[in-house]
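Visitor: Protein sequence lines, in the order shown, are assigned to chains B and S.
All letters in the first sequence, in the order written, are residues 1 to 336 by our numbering.
All letters in the second sequence, in the order written, are residues 1 to 332 by our numbering.
Keep in mind that the hints were calculated from the coordinates and are not lab data.
Treat the hints with care, since some could be wrong.
[To be verified] Keeping only pairs whose Cα atoms sit at most 27 angstroms apart, straight-line, the calculated BS3-like set for lysine-lysine is:
#1 Lys66/S - Lys102/S
#2 Lys52/B - Lys75/B
#3 Lys188/S - Lys134/B
#4 Lys240/S - Lys133/B
[Claimed, not checked] Partial selection, computed: residues in chain S whose CB lies under 7 angstroms from chain B:
#5 Ala187
#6 Asp191
#7 Ile223
#8 Ala227
#9 Ala233
#10 Arg234
#11 Glu238
#12 Tyr245
#13 Ala320
#14 Arg325
Since the structure is predicted, the reported quantities are computational estimates derived from the model, not experimental observations.
Ideal placement from N, C-alpha and C gives every residue a C-beta, glycine not left out.
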Amino acid sequence: MDDMLKVENLSIAFRTDEGLIAPVQGVSFSVQKGKTLGLVGESGSGKSISTKALMRLLPGTAILGEDTKMTYRAKNGEIIDIEKLAPNSRKTRHLRGGEIGMIFQEPMASFSPVYTVGNQMMEAIRLHRDMNKKEAREFAIEMLDKVGISNPAQRIDQYAHEMSGGMRQRAMIALTLSAGPQLLIADEPTTALDVTIQAQVLELMSDLQRDLGMGMIFITHDLGVIAQIADEVAVMYLGTIVERGPTRDIIRDPKHPYTQGLLEAIPKLDSLTHRLSPVPGDIPSPHARPTGCPFHTRCTRKIEGVCDVKAPTEVDLGEGHAVACFLHADEGRHVA
Amino acid sequence: MLRFTLERLVGMVVTMALVSVMVFLIMELPPGDYADRYAFRKYSGTGVNVTEADIQAIRVDLGLDKPLVFRYFDWIGGIVLHGDFGQAFAFETSVLKVIGDKIWLTLGILFSTLIVTYMVSIPIGIYAAVRRASVADYGLTVFSYLGLALPNFLLALILLYFANKWFGADIGGLFSADYKDAPWSFAKAWDLFKHLWLPAFVLAWSAVAYQLQTVRATMSDEINKLAVTAARARGVPETKLLIKYPARLAINPVVSTIGFDVNRIFSELPIVAVVLGLTELGELLLRAYLDLDMYVAGAILLLLTFMIVFMNFISDLLLAWLDPRIKLGASS
Ligand SMILES: Nc1ncnc2c1ncn2[C@@H]1O[C@H](COP(=O)(O)OP(=O)(O)O)[C@@H](O)[C@H]1O
Ligand SMILES: [Mg+2]
């Protein structure tokens, strides 16, 4: 098997003032070397915290489920059980950045405003690569050049707020990749950018991925972006994966009513007049999770007495395509 | 940074020039001048009849007859060019001789208070923010409220009592009897240090309570910034991370109020000094002012305001160094 990362039964709970909430429940997925997994879902579905768990970046109030297993194969072949790492151990620090890198939605806020881009790059380089100051600086300039920043030798001494939005995100990519990660987590990296720049950054990311042979988890709420970059897709809703499969299959033949709704929400080029139709209804609050299938409160094809009672299990549709929906399970078909 | 420093330096000089004019005008404010007072002192009860001409003679003698503007430039010129603060009439010696030691002691108290304030409030405020909602955090919050509620002269009395009871030390004053009039030596400096901690502690007390809450609040904000998570996601070790990223910004409000703290210390010092039996400038200022001993009063006022303006300058430089955005905003 070629899995560099295998997540099984990931569950995350938070202690809050209003009691325990469980925004991620039994999520499983894997990432292959050189491939991209797209994580899609509306905001609040648990995409960010699921990936933060992989780097042990959740706050102290978070509790990982007992059955959670996160297995990662490091660059040197060592198998790491991420869930067993101590949060601030050497091993965890090596994993953060050196093995798994993360890019966030807000390039401006991702940089510290009081250090130059170069300062932060050299810090990361020296933490994860055996280089002295001078070598680190040269390497940082090289990386800035690689992500398409002109005049890298001057830009390196600038602050993030002296750069444009697109350039900032390029610099963030350079910063993250300069530590040499083998797996890149990109948490809505293009959401804050305007459309033309978004396309450029997406292209840059897939080029770099190909060159460096990295695995990638690409988070977005936009299935249109996923179509351009992901090999496989997992659709999340309220902390569970409701559908997964190869990107083509998911885009061409979505099985879950939620996935179908998300696809309809993408503005089509051939019908610009057509109004955007987001999935109707509100996302339930994590404090009041519906019983049964989490999506049944918004589903137009809900089966009364089934979907609101029992949680659906995943049904294998072949070739890696799977869906958690009673419409495709035996129980559902009997009733329908 | 050089340009920014020069800009602020010019600003400081201009401010000081204006302040010196104000100080001089304040010196002129009380009715009468030292010539009247001198004549009254010297001849009252002696039966000698002092005429207006006699007083005028004294006035000429002391140089007080010249016009205001002339006297101002005479005064400020002496200070700037020769470090000469003029004559202390009542003491019949130079101002410098009268205030000399007291300046150093006042500055000693000022800086020990500032050091105690920041050395205590900054690390503890950061700690409380990092351990937010822990027992230690709640404990510190309670301490802060106590600190703000307790007047510091009361604290001075309490400490004085315990210092006497436990150490038997004559902690009042700045020197032990042995060293009071001794020439400066290492032993005398050490003796001073042993006495300084108490006034520094008393004066720092409420500032610590206040600044601790400030640091805790800003640090709690900064800790949750994305840049901190991003740095953590790059594997930066936690202690280094906290100091380099959030703490550097969290101390901004403390640094920007250094001048304010200096001002507050100068205003609280006289009361604390009376309780602890210290000889500092505030008391002398009041006496000189009542005596119309204007050059003494002027020198003290000028030095105290200069310290405040100077510390504001330092605070500006520190701020610009902590947060380069300030510098960029100022020169563009
Ligand atoms: N620190 C936290 N404390 C409590 N609940 C949290 C915390 N972080 C996230 N959550 C909960 O987890 C849910 C999922 O968050 P997130 O992973 O950020 O969603 P997404 O990235 O899919 O938009 C949120 O709706 C919120 O209720
Ligand atoms: Mg998110």
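Visitor: Are the hints correct? Go through all of them and say.
Guide: Hints, verified against the model:
A C-alpha spacing of about 31 angstroms is found between Lys66/S and Lys102/S, which places the hinted pair above 27 angstroms, so the restraint is violated. At roughly 20 angstroms between alpha-carbon atoms, Lys52/B and Lys75/B fall within 27 angstroms of each other, so this suggested pair holds. About 50 angstroms separates the Cα atoms of Lys188/S and Lys134/B, which puts this hinted pair outside 27 angstroms; it is violated. Proposed proximity of Lys240/S and Lys133/B is supported: the alpha carbons are some 18 angstroms apart, at most 27 angstroms.
A hinted interface residue such as Ala187/S counts as satisfied when its beta carbon comes closer than 7 angstroms to some beta carbon of chain B; here the least separation is about 45 angstroms, so the hint is violated. Interface hint status for Asp191/S: violated, as the beta-carbon distance to the closest one in chain B is roughly 43 angstroms, over 7 angstroms. For Ile223/S, the interface hint is violated, the least distance from its beta-carbon to any beta-carbon of chain B being 10 angstroms, above 7 angstroms. A least Cβ separation of about 4 angstroms between Ala227/S and chain B falls short of the 7 angstroms threshold, and the interface hint therefore holds.
Annotation: Ala233/S was flagged as interfacial toward chain B, and the flag holds, the nearest CB pair being 4 angstroms apart, inside 7 angstroms. Hint status for Arg234/S relative to chain B: holds, with the closest Cβ pair at about 4 angstroms, below 7 angstroms. Interface hint at Glu238/S: satisfied, since its Cβ lies 5 angstroms from the closest Cβ of chain B, which is below the 7 angstroms cut-off. For Tyr245/S, the interface hint holds, since its Cβ comes within 7 angstroms of a Cβ in chain B; the closest pair sits about 6 angstroms apart.
Interface restraint check for Ala320/S: the shortest CB-CB distance to chain B comes to about 11 angstroms, outside 7 angstroms, so the restraint is violated. Using the Cβ-Cβ criterion of 7 angstroms, the hint placing Arg325/S at the interface with chain B is satisfied: the shortest such distance is roughly 6 angstroms.
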